[in-house]
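Peer 1: Listed below are the residues making up each chain.
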Amino acid sequence: MQRILFGDNQFFGVNHVSDEKSRSQAIKFKEDKTILKTIDYAIDGGIDTFMCTTHDRMINIADLMRNSLGKYENLQIYPCLPYAHKYANAVTELGIMGTVKQYVPGNFFGSILKGGVAYLSKDYISIMELMVDAELKMFKGLSTPVIFLQNVITDLLLGLGMKDIIRAYHQYIIKKYNAEPGYITMNLPKMISLLDSIGIKNPIICTSINVDGFRMSGGKELYENTLKNNEVRAIAMQVLSGGSTAPNKALEYVCSLPNVQSILFGASSKENINETISLINYYDEKYAMHIA
Amino acid sequence: MKKIGLIGIGKMGISHLSILGAHPQVEVVGVVDTSTLVTDIIRKYTPFKCYDNYNTMLNETKPDAVIVSVPTKYHEPIVRDMINKGIHVFVEKPFCIGAEQGSELIEIAKKNKVINQVGYHNKFIGTFIEANKIIKGGYIGDIIHFSGEMNGPVVTKRKEETWRSKPEEGGGCLMDYAAHLIDLINYLVAPIKKINGADLISIYSKQVEDAVYSLVETENGIHGNIQVNWSDETFRKMATAITIIGTEGKIIVDSTELKVYFKNIETPKGYSKGWNTKQINQLSTQVDFYLRGEEYSSQIDYFIDALEGKNANDINTFKSAWETDNVIELIKNYKNN
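These protein sequence lines are chains B and L, in that order.
Those letters in the first sequence? Residues 1 to 292, by my numbering.
Those letters in the second sequence? Residues 1001 to 1337, by my numbering.
FYI, nobody ran anything at the bench for these hints, they're computed from the structure.
Among these hints, one or two may not hold up.
Examples of chain L residues lying across from chain B (beta carbon under 10 angstroms, computed) [as the list claims (entries may be wrong)]:
#1 SER1018
#2 LEU1020
#3 TYR1045
On a predicted model such as this, the values are computed, not experimentally measured, just so you know.
Each residue gets a CB set at the ideal place from its N, CA and C atoms; glycine is no exception.
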């Protein structure tokens, strides 16, 4: 994994600390070409990994990338699935059964297609695999070396103790996509122990890590100890705590931590992208001994 | 360690179950649902014991408390049964269909001394808690007017129907969605007791309203308006925002940000005259397990602490949720007359 990963929240109106900002970003990035242009700024700044949710709008962006005559040949995409609000809204409206019916591809109640057979035989692992395939279809032909499970799903499964489902996801991503499975979670310490209990060592985990302790469940100190005492490839997200902390202070903190292999950030302007990159580079040099 | 049973594994039920599953002071003793698909999955992949009816679960597991997260029309009979048996209850919002049902439950809960809480999670969001402190501290003076808005993309096209699209089962934007905003206004301003105008509009649903617009008045005579639309896809997820104007200042608050204007130098600590902005990362409470938002864990933590006698059990009581049911009924009746 590269040291700096570029994220997509800003493109889809996701802002964890301001609903107002979230709307203005949704307006700013109405056109797909504006999104691509911003990704280009990140690439120009030396970033070669774009981490993004399986938002419906990514279908077009991925198309544009495929049709750009090799311009994005070296770009790696880390998909994060699923785009959870799609399902959360569907569950409110259609119920759990209705949602499965709507999103499991194929004729759900038919007996010939895999989905139908899976349902009738109560083979939930196959249903999960079908849903993963449906989510990842948009990235076909692009390089996706790490595939993440979104935090709403990871943390739901974690709380429910659904170890078999997590193990099945893990194996399926390796087998079918020849990629490394990753996990986004708001509960780093608990997730590491769950993965360890099912034999998954040195996992790729993307989680909130910031100087303010924001969304670090169990507390900042627990996270610092967890990073120090475990074999983990951590990706720090929400490093700016949603944008209200001074970038130099925020980035110095994450750069100083052990086992934080990558830093994920999103920005809308060329200036902010470049400023973040150079700050990370600066603090990395300062704390060079921590980087693997 | 508290023994908790969970009745109803829908959208909220599954989320509560996950939070309870990760809670160090909780032993989930039984999970109840009538859907075999759902219980089959829970049975196969989780450590929780499943039941298809709650009586068997109660008899076998003797829980200290239950979480009731079934469709709204079943709240009243199930909660009544639980509190008659002296079992503590956390029930999802809205409390009951109709105000009469709820008032009896309040009495029984009081008589049997059961801990009671309703799932209005907004009251556990840092921005709203902070706004409440500022208002109750008198820092924006007397409230002159309020305006509440809530929008989201729940029903954005005509589609298959569930209980949420049936008015007699507690469906519709007013009961299922606007309830959150009404409850929050009751908490931040004062309980709404009078309706001065109401429009309930169907946009995509056949039998229920998708939007609610109403002029309301609180018990102490403060006027305000609410506008709620669950068919607005320009919102990525549920968004609730309230503006409160007082004689000494003004508050604009949503679940991510608090903006306050103080006319005078007498402000709470950490604020100053003029505009002040605080964001959720400065106001959120640390939780031990996070799923979808701190507030979902915090409200369960609060309930568990109440069971252990560690708090006053005075947030989101049956009583306060019943006040919200009341407003829903008033708006419905205003519309029907």
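Peer 1: Give a verdict on every hint.
Peer 2: Status of each hint after checking the structure:
1. SER1018: 3 angstroms, holds
2. LEU1020: 8 angstroms, holds
3. TYR1045: The hint holds - TYR1045 of chain L has a Cβ within 10 angstroms of chain B, the shortest such distance being about 5 angstroms.
The structure meets every hint from the earlier list without exception.
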